[in-house]
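Sequences are here, hints too, so could you generate the full structure?
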Amino acid sequence: MTGNDFPDIHETTLDTLKPGEKAKITKVRVKGSARRKLFDMGMVAGSEIELVRNAPLGDPMDYRIKGYHLSIRKEEARQIFIHKL
Amino acid sequence: MENREIKIALTGNPNVGKTTLFNALTGSKQHVGNWPGVTVEKKSGRVSYNGYDIEVIDLPGTYSLTAYSMDEIIARDFIIEEKPDIVIQVVDASNLERNLYLTTQLMELGSEILIVLNMCDIAEERGDRIYIDKMEELLATPVIKTVATRKKGICELLDKVIEEKEIEQYHGHEIGYGNEIEEKVLEIEKILSDDETRDKRYPLRWMSVRLLEGDTNVRRKIAGSPVYDRVTEILDSIDQDEYEAEIADKRYLAINTIFPQMCTRANDTLTKSDMIDRVLTNKYLGIPIFLALMWGAFELTFAFATPFMDMIDLSASWVSEYVSSSLEPSWLASLVGDGIIGGVGAVLVFVPNIFILFFLLSLLEGSGYLARAAFIMDKLMYKIGMHGKSFIPMLMGFGCNVPAIMAARSIEDEKDRLITILIVPFVSCGARLPIYVLFAGTFFGRQAGTVIFAMYILGIVIAVISAKLLRATVVKGKPAPFIMELPPYRVPTMKTSLIHMWDNGFMYIKKAGTIILVGVIVIWALASFPWGVTYGSENSYVGSLGHAVEPFMKPLGFDWKISVALIFGLVAKEVVVASMGVLYGAGDNSEALSERIMADPGITALNSLSLMAFSLLYMPCVATVGVIKKETGSWKWTLFAIIYGIAVAWITAFVIYQGGSLLGY
Ligand SMILES: Nc1nc2c(ncn2[C@@H]2O[C@H](COP(=O)(O)OP(=O)(O)OP(=O)(O)O)[C@@H](O)[C@H]2O)c(=O)[nH]1
Ligand SMILES: [Mg+2]
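The listed protein sequences correspond, in order, to chains A and B. Residue numbering for the first sequence follows the working numbering, beginning at 2 and increasing consecutively. Residue numbering for the second sequence follows the working numbering, beginning at 164 and increasing consecutively.
Since the hints were made in silico from the structure, they are not lab data. Glycine included, every Cβ here is placed at the ideal spot set by N, Cα and C. Check each hint, because a few of them may be wrong.
To be verified - Calculated cross-link-like contacts (lysine-lysine; reagent style DSS-like; alpha-carbon spacing at most 30 Å): (1) 353(B) <-> 192(B); (2) 413(B) <-> 85(A); (3) 85(A) <-> 314(B); (4) 413(B) <-> 23(A); (5) 353(B) <-> 413(B); (6) 28(A) <-> 413(B).
To be verified - Label-pair restraints from in silico Cβ distances: (7) 21(A) <-> 477(B): 57 to 65 Å; (8) 84(A) <-> 216(B): 28 to 36 Å; (9) 13(A) <-> 457(B): 33 to 41 Å; (10) 471(B) <-> 13(A): 58 to 66 Å.
Dropping the structure here:
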């Protein structure tokens with residue numbers, strides 16, 4: 002956590018999104034090489050994101066971001082913070 | 164007059180149509196598919212145009228210049244190190260925003276770039292409007308519209324390439340990263356410039372930004388430099404995660420400010436692709452549909468092929484009859500009849516299967532379902548210690564293991580990739596099909612289909628168990644995160660599918676005419692000598708060879724003839740069938756091979772089952788071993804793959820044969 006973070010009651014994580022719901026990304030807390038990969042794919046703060054559906058077995062998820070479909074697992078989604086729209 | 168040379172490289176995000184464009188430009192037939200990561204090595208081709216000799220290089224796709232996977236590293240290193248005259252970024256017009264991210268990075272690199280706006284047909288159909296003039300102005304680079312699949316815009320592109328080469332002026336914008344970061348960038352730039360021995364191909368600003376982003380690849384490149392310690396000092400003083408986020412933010416921010424000016428997007432309506440996905444990746448239907456598709460592909464491979472196979476079979480026995488009655492001297496008749504027609508013919512019978520198999524696989528690739536298969540299976544794959552993306556090479560492995568192992572290059576994590584390489588050989592490729600068809604067909608009659616299907620399943624089960632085993636022992640750790648783009652479904656182009664089918668099918672025929680032919684002649688010779696022995700008898704060389712390994716094979720239910728066939732099958736799995744054709748060639752040629760095998764009391768249904776399992780699993784063919792060495796870069800792992808395969812095959816066949824015998828079969 003950096004200094005300017007204050008608790009935000011509206012902030013949740015990406016894995017709580019339901020199919021059809023949209024949100025704005027506030028912070029990506031994923032670590033390691035996946036972090037930059039996610040950035041490269043457009044998962045940056047401010048991007049709008051929508052959950053399209055879960056995979057048939059529940060995981061991974063199919064999100065729509067920047068007009069295309071991106072699939073990531075819940076595990077990473079849990080570390081991405083959002084504001085529901 | 165000498166033609167002038169221009170070297171251009173095609174780069175861009177995965178699946179934007181680079182290879183399609185490359186094929187359109189150069190007339191090549193490189194592999195195209197609708198999933199990210201089709202191209203995994205650089206390919207070069209040429210085109211002569213208006214007095215210019217243009218060398219075109221097709222590169223693997225990459226989302227950014229921070230390379231993660233092997234194919235991305237190839238793409239990035241080429242652009243930076245080989246410095247093509249013009250870097251052409253192929254951009255997906257229907258997915259502009261994310262594609263521009265790479266553009267921002269290419270500009271920083273200072274390459275001469277030209278943007279190709281591909282897939283304009285899709286963008287137009289959706290109702291997006293892209294203002295080319297505005298785009299050229301905002302990005303300060305020329306932009307050419309194309310529809311690569313229909314060869315639209317190719318001449319305009321070539322004209323532009325030549326024009327750009329003539330004026331040779333640098334285009335491009337730089338992105339500002341905000342005061343704090345810019346300060347650091349300057350600081351590092353200054354330190355780096357103190358090192359006179361540095362690699363001048365890399366722009367200083369680019370290097371500094373990369374270092375601040377935590378690019379380990381770039382960091383390694385300066386590891387030997389005298390200024391390395393001073394750079395590290397700065398890098399250690401910052402919160403790299405924050406910088407990383409900030410820099411990516413700024414890039415997208417820059418895109419966000421220019422994007423609305425050059426493109427108005429139609430409202431997000433439900434596309435056809437979305438509707439297809441509602442069914443194919445549906446919670447309840449997704450898995451049943453996947454299984455049904457696999458089963459359907461399997462059935463079709465046989466159903467469609469049968470009439471053609473009968474035709475080939477018929478003409479082969481006709482030719483062989485003709486040869487044995489008309490060729491003189493008799494040894495020549497035997498070589499051609501028993502050896503070549505018996506052996507090579509036995510393999511050629513399966514050409515129709517192979518063609519259909521590759522046709523179906525290319526439909527799978529072209530439609531976009533392959534990426535969904537990875538999406539659907541990721542959870543299961545994760546459970547067995549593998550990455551969802553590994554599923555793509557595995558499916559491709561049903562065609563041929565060699566390209567499948569290459570396809571593993573698009574898997575980012577080295578351990579995930581290694582496991583994939585090691586287990587793909589257990590996926591039953593087309594070359595193993597003849598073995599099943601011959602033996603299951605001979606011994607299992609109406610159940611043949613089920614037995615063959617069981618072999619495919621056995622291969623997968625062994626692959627799964629092996630993955631688990633590897634994860635628990637030598638390749639410890641968890642699969643890396645799954646981050647994959649799901650491309651829209653497309654109607655596979657007939658031409659691409661036919662080319663794919665033909666190229667791979669033809670390779671099978673070529674193999675029959677070369678490596679298998681040689682194998683067959685060698686076996687025939689070994690079966691005919693020493694001089695005077697009865698052809699193919701135990702006293703021939705082949706008999707001695709067979710007897711030498713028999714003790715090892717006996718517990719699996721294999722007699723000396725099968726043992727010989729398996730030894731030669733190490734070269735290519737089809738040779739197992741070819742050798743059987745040669746060794747059982749003696750006698751009345753009018754009988755089909757299966758009848759002759761049936762007549763041999765040494766092979767029963769149980770033997771054949773054990774044989775099929777053994778052939779499926781034992782050492783991958785020579786070509787696969789070669790590619791395992793190339794892709795792992797290690798003899799240790801290559802040797803491991805061989806020994807492990809043989810051990811698994813032996814144990815499995817042992818269990819089948821001994822178990823079956825105990826049960827009284
Ligand atoms: N509608 C349409 N489809 C296209 C066009 N260009 C390519 N495609 C399709 O897009 C898919 C990807 O094409 P490829 O040429 O394999 O893409 P690539 O950029 O080489 O992909 P990678 O090698 O994976 O990086 C294929 O299904 C093509 O048929 C186009 O202009 N219009
Ligand atoms: Mg390609």
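Okay, the hints, checked on the actual structure:
Between residue 353(B) and residue 192(B) the alpha-carbon distance is near 47 Å, which puts this suggested pair outside the 30 Å criterion. Restraint check: the Cα-Cα separation between residue 413(B) and residue 85(A) comes to about 23 Å, which is no more than 30 Å; the hinted pair holds. The suggested pairing of residue 85(A) with residue 314(B) is violated, with an alpha-carbon distance near 44 Å, which exceeds 30 Å. Restraint check for residue 413(B) and residue 23(A): satisfied, since their Cα atoms lie roughly 23 Å apart, inside the 30 Å limit.
A threshold of 30 Å between alpha carbons decides the hint, and for residue 353(B) with residue 413(B) the separation of about 23 Å falls inside it, so the pair holds. Straight-line distance between C-alpha atoms of residue 28(A) and residue 413(B) comes to about 14 Å, which keeps the hinted pair within the 30 Å bound. For residue 21(A) and residue 477(B), the hinted distance range of 57 to 65 Å is satisfied, since their beta carbons lie about 59 Å from each other. One distance hint, 28 to 36 Å for the beta-carbon pair residue 84(A) and residue 216(B), is violated here, with the actual separation near 55 Å.
Restraint check, residue 13(A) to residue 457(B): a C-beta distance of roughly 38 Å satisfies the suggested window 33 to 41 Å. At about 59 Å, the CB distance of residue 471(B) to residue 13(A) agrees with the hint of 58 to 66 Å.
Checked against the numbered hints above, the structure violates hints 1, 3, 8; every other hint is satisfied.
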